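S.K.: Okay, here's what each chain looks like letter by letter:
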Amino acid sequence: MKRFILTKLLGALAAVIGASILAFILMRIIPGDPARLQLGPAATDEALRGLRREMGLDQPMWKQYWIYMTDFIQGDWGRSFKFGQRVFPLMRSRFAASVELGITAFVLAFVGATAAAVLTTYRRNKPLEKVANGTAHIGLGTPPFWIGLILLLLVSQKLGIFPGPGRLDAEVAAPNKITGFYTIDFLLAGDIRGFLDAVHHLVLPAITLGLAPGAFLYRLFRANLLDVADSPFLLVARMKGVGRLRAFVRHAVPNAFLPTLTASGLLFGQMLGGSVLIEELFNWPGVGAAVTSGIRTQDFSVVQAFILISALMYVVISALIDVLYGVIDPRLRGQGSGR
Amino acid sequence: MAERSSQAAIVIDDAHVHHRVGKSVVGGSSGVVLAVDGVSFSVAPGETFGVVGESGSGKSTLARAALGLIPLAGGSITIDGQPVTQDRASLQRLRRRVQMVFQDATASLDPRMTVGELIEEPLIVHDIGTRADRQQRVVTMLEQVGLDPKLATRKPKQLSGGQRQRVGLARALIVEPQVVILDEPVSAVDVSVQAQILNLLSELKASTGVTYLFIVHDLAVAEYFCDRLVVMYRGAVMEEGTSADLFERVQHPYTAALLSAVPVPDPSAKRMHRWIPIDEADAAADDEVGAGCRFRPRCPVGRNDELCRSSDPALVEVAPGHRARCHYPGQTTPVSISAHSAHPAEQD
Amino acid sequence: MSTGSTTDDAVLRVDDLHVNYRSGVSDVHAVRGVSFAVRAGERVGVVGESGSGKSSIALAMLGLIERPSQVRGSVRLKGRELTGASEKQLNAVRGKEIGLIYQDPMSALDPLRPIGAQIVEAIKAHRRDLNRDQLRDAAVALLAAVDVPNPQQRYRDYPHEYSGGMRQRVAIAMAIANDPAVLIADEPTTALDVTTQASIMHLLQRLVVEQRSAMVLITHNLGLVAEYCERVMVVYGGRIVESGDVDRVFARPEHPYTAALLASVPRPGQMSNEPLAYIEGLPPNLRVEPQGCSFAPRCTARLRLPDPQICSTVMPPLVVLGEQSAECHLAAVQIGSRHG
Numbered sequence: 001m002k003r004f005i006l007t008k009l010l011g012a013l014a015a016v017i018g019a020s021i022l023a024f025i026l027m028r029i030i031p032g033d034p035a036r037l038q039l040g041p042a043a044t045d046e047a048l049r050g051l052r053r054e055m056g057l058d059q060p061m062w063k064q065y066w067i068y069m070t071d072f073i074q075g076d077w078g079r080s081f082k083f084g085q086r087v088f089p090l091m092r093s094r095f096a097a098s099v100e101l102g103i104t105a106f107v108l109a110f111v112g113a114t115a116a117a118v119l120t121t122y123r124r125n126k127p128l129e130k131v132a133n134g135t136a137h138i139g140l141g142t143p144p145f146w147i148g149l150i151l152l153l154l155v156s157q158k159l160g161i162f163p164g165p166g167r168l169d170a171e172v173a174a175p176n177k178i179t180g181f182y183t184i185d186f187l188l189a190g191d192i193r194g195f196l197d198a199v200h201h202l203v204l205p206a207i208t209l210g211l212a213p214g215a216f217l218y219r220l221f222r223a224n225l226l227d228v229a230d231s232p233f234l235l236v237a238r239m240k241g242v243g244r245l246r247a248f249v250r251h252a253v254p255n256a257f258l259p260t261l262t263a264s265g266l267l268f269g270q271m272l273g274g275s276v277l278i279e280e281l282f283n284w285p286g287v288g289a290a291v292t293s294g295i296r297t298q299d300f301s302v303v304q305a306f307i308l309i310s311a312l313m314y315v316v317i318s319a320l321i322d323v324l325y326g327v328i329d330p331r332l333r334g335q336g337s338g339r
Numbered sequence: 001m002a003e004r005s006s007q008a009a010i011v012i013d014d015a016h017v018h019h020r021v022g023k024s025v026v027g028g029s030s031g032v033v034l035a036v037d038g039v040s041f042s043v044a045p046g047e048t049f050g051v052v053g054e055s056g057s058g059k060s061t062l063a064r065a066a067l068g069l070i071p072l073a074g075g076s077i078t079i080d081g082q083p084v085t086q087d088r089a090s091l092q093r094l095r096r097r098v099q100m101v102f103q104d105a106t107a108s109l110d111p112r113m114t115v116g117e118l119i120e121e122p123l124i125v126h127d128i129g130t131r132a133d134r135q136q137r138v139v140t141m142l143e144q145v146g147l148d149p150k151l152a153t154r155k156p157k158q159l160s161g162g163q164r165q166r167v168g169l170a171r172a173l174i175v176e177p178q179v180v181i182l183d184e185p186v187s188a189v190d191v192s193v194q195a196q197i198l199n200l201l202s203e204l205k206a207s208t209g210v211t212y213l214f215i216v217h218d219l220a221v222a223e224y225f226c227d228r229l230v231v232m233y234r235g236a237v238m239e240e241g242t243s244a245d246l247f248e249r250v251q252h253p254y255t256a257a258l259l260s261a262v263p264v265p266d267p268s269a270k271r272m273h274r275w276i277p278i279d280e281a282d283a284a285a286d287d288e289v290g291a292g293c294r295f296r297p298r299c300p301v302g303r304n305d306e307l308c309r310s311s312d313p314a315l316v317e318v319a320p321g322h323r324a325r326c327h328y329p330g331q332t333t334p335v336s337i338s339a340h341s342a343h344p345a346e347q348d
Numbered sequence: 001m002s003t004g005s006t007t008d009d010a011v012l013r014v015d016d017l018h019v020n021y022r023s024g025v026s027d028v029h030a031v032r033g034v035s036f037a038v039r040a041g042e043r044v045g046v047v048g049e050s051g052s053g054k055s056s057i058a059l060a061m062l063g064l065i066e067r068p069s070q071v072r073g074s075v076r077l078k079g080r081e082l083t084g085a086s087e088k089q090l091n092a093v094r095g096k097e098i099g100l101i102y103q104d105p106m107s108a109l110d111p112l113r114p115i116g117a118q119i120v121e122a123i124k125a126h127r128r129d130l131n132r133d134q135l136r137d138a139a140v141a142l143l144a145a146v147d148v149p150n151p152q153q154r155y156r157d158y159p160h161e162y163s164g165g166m167r168q169r170v171a172i173a174m175a176i177a178n179d180p181a182v183l184i185a186d187e188p189t190t191a192l193d194v195t196t197q198a199s200i201m202h203l204l205q206r207l208v209v210e211q212r213s214a215m216v217l218i219t220h221n222l223g224l225v226a227e228y229c230e231r232v233m234v235v236y237g238g239r240i241v242e243s244g245d246v247d248r249v250f251a252r253p254e255h256p257y258t259a260a261l262l263a264s265v266p267r268p269g270q271m272s273n274e275p276l277a278y279i280e281g282l283p284p285n286l287r288v289e290p291q292g293c294s295f296a297p298r299c300t301a302r303l304r305l306p307d308p309q310i311c312s313t314v315m316p317p318l319v320v321l322g323e324q325s326a327e328c329h330l331a332a333v334q335i336g337s338r339h340g
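Chains as they are written, first to last, in my numbering: chain G, 1 to 339; chain X, 1 to 348; chain D, 1 to 340.
In isolation and in its complexed conformation, chain G is listed as follows (with noise of 0.2 Å):
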């Protein structure tokens, strides 16, 4: 088991210098000057020289990459062309703006797949099958951002139940930031009509994001339960006298939920990067808007540092996935003796 573990962790870690190697090239192989961008096309060559220098592009590719690297893990993130900022404190506020976004849509949406299909394969209940479906249906085929516009029009405008864009009421101040998840700041704060607050806040963009996923999941989910209910240790745990509910859960449900480890995490990763267009669509100060005008203005550290932490992220939660197989599948660990 030790031996699997590690194995998976040393993995993850050459996935991880992989991706950053992969990212520090192809900053630097986009045609463009970042200098000349910050200066302007009137900008004469010396000013252009002293400029680069000052950046650091004057040095060999290589030890570029030793400096970012060695500074990166050590807290410094280089400096952002186009804000002037150290890029660390910049990302690290919308980097937690968007991962509770995400852990929040994962959540919602991982259980209410769950719940769904759970519920609709245990009693064949036909009108509870029929608005899951359709609900997946329209998860699955229909733009988020277009999901997140209706739901804002209609149940935050019209109906007034839920408020519009932003983390909190204009009222509302921010939390210390300790983690920078305000859920939590406010928790540890004791200020439990911040916590609501940033909760309601937090409800519409979560649905929007998470609405894809869990359709996803549901459906996924859903055929795997379907698979298993016809297997015969469901048959003979019924033989042995378990009433049906328990064997269900005991015994079916994990057998099918194994197979949608992987692609719960998948999509988990996916959704802790952010999302453009919802957070523009909800005003949400998170990771990707940062990081598509880096891209457009060359501003190196900022995407370095996203695609950096995005495949931190990734390889963490994949390296989990795997270790989790290996905890709750016992075939997947060590060697069998049986025939």
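If you're looking for bench data, these hints aren't it; they were derived computationally from the structure. Values in this document were obtained by computation on a predicted structure and should not be read as measured data. Be a bit skeptical, because a hint or two may be false.
[Said to hold, decoys possible] Computed Cβ-Cβ distance ranges for the label pairs, DEER-style:
no., chain 1, residue 1, chain 2, residue 2, range
1, X, Lys157, D, Arg156, 42 to 50 Å
2, X, Asp279, D, Pro317, 46 to 54 Å
3, G, Pro232, D, Arg156, 48 to 56 Å
4, G, Gly11, X, Gly38, 53 to 61 Å
5, G, Ile25, X, Gly290, 55 to 63 Å
From the three backbone atoms N, C-alpha and C, an ideal C-beta is built for every residue, glycine too.
Using the hints provided, position chains X and D relative to the given structure of chain G.
M.R.: What follows is chains X and D alone, placed relative to chain G:
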């Protein structure tokens, strides 16, 4: 039909096949399983030769090696004078002379092709005859295997299990091979269908003179259908002989145990069924074999014997044409006979 | 069709059982009016080919046939009616009064849970009073009872670490865990090697005799029934076409189907130039209600009747001769002529 040469149809000479077994993800322990560990026998033309064994005996692996589907790690297999190699051109030629019928007819037939197409395919692959010729042969073949030619337009799923097995047979025989390897052709069908298929196989043999290599685990079928047999265990031949040799004058303890384990429905012919129990196959026990006989850990005769423990017996002739791989052939009843009796009336 | 036991010393009594599977356009009438009784400690074999409905009988007895498929008729265990009973009552019976051993050892166990836990599940379902240690000890004892070596250690292993034969032993352990009155084994050895099959069957027989349970062995293997059962019931087209003492039925079958089945198995010493007797035609289409005897289209013996057509139009009568009975027109005529 093809001229019967006097040379053996199949010669298997010290064949070895290895399976690579690697378990852990990062190139951990990788072992080699000796799936076929030095098997030799020869099959005369027109003979029905049975290979009997349980799971793990290597019989199916051997069959696949004979077709060139699996490479040999040592030794040789010769079909009708031509060695079986991995060379593509020679394999192509080989497959006109040797064909295989599989256990699971359903799985071996492409569900999207019609019966006619399936049977015609081998002719196309080997570039035999014109289109008209081929169509004619397909019809003849269908009739020979007892299927209505009208079924040629149906798909496999529209046929019964027995009918599918016949299609598999037709497909193998249409290229007029010298040798047909049958891998458990009747295990997956009902008893009544089994009888039909066996009768059909007999008729086909009578009319074409084809040689059968019959892989089987059902001893009653083996005794009935085969002329000569080998019994395999863990990759090696334990006993070889004619049907009568093995079933009436059994020499090897494993064969005897196998025979005693087969339930017989005919009350008047119930062999004096003293069941010879042997311990269940256990991976741990296999590790104890070392240089000795591979059956020793489970052998009622030689389990604790020094000779059996230290030396792997060779396949020796105990009677003309009858060979056994055992240090104590013929001693098939164990020293202590089990108290178990198969007849219910004798139960306490 | 009762077979000898007229008083209710029968631990299991089935009367006119019908099972209808709802599938697509038409129903599949898998079981069409099956009646039999099993005495305590008796070993009965149910023989049939695939599609004969024999497995459905077992499932129906345990109430495991799901809606919308239907079950009609009566199944009485020790006098108590099981059809129509509530889920709760049925759960109390399954695994306690009736144990079932399923056919495929490879897929009968949950791959994600240890063997020990699955055996414990069988016990726990009926013994809420035992604590964890007691449950574990009971499970280890069961593993030992079914001849699993090193039960203490193997208790913690997972299904994929067990061989096929071992898994079947576990299945047996789960079925006998609560000392059932009836043990039903549905093709328990089909997927196993011959030597393993013999071990398992001997084990089963020993346990059944020790626990004085009745055993119902469902199989297509005539040999198994001959070796391990006292009585046999032959199933064809959803009905029991012949039943009686095993040795007698196999020596002198009264029903043409039984005779044909026996004749199609190679006899020891039979030479390959002697073709095997076989049964023409295909198994009956269970979607269609039969007219008369469902074996009629394939029966060659009926040509001995003065009016062979009667088999395809009139349901054959139940002909009883001592402990043996058969549903056959020909048998009726022959028995009649035998007794003058």
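S.K.: Each of the hints needs a verdict: does it hold here or not?
M.R.: Comparing the hints with the structure gives:
1. At roughly 44 Å, the beta-carbon separation of X:Lys157 and D:Arg156 lies within the given 42 to 50 Å, and the hint holds.
2. Distance hint for X:Asp279 and D:Pro317: a CB-CB separation of about 51 Å, consistent with the stated range 46 to 54 Å.
3. The beta-carbon spacing between G:Pro232 and D:Arg156, approximately 23 Å, falls outside the hinted interval of 48 to 56 Å.
4. For the hinted restraint 53 to 61 Å between G:Gly11 and X:Gly38, the CB-CB distance of approximately 41 Å leaves it violated.
5. Against the hinted window of 55 to 63 Å, the Cβ-Cβ separation of G:Ile25 and X:Gly290 comes to about 57 Å, which satisfies the hint.
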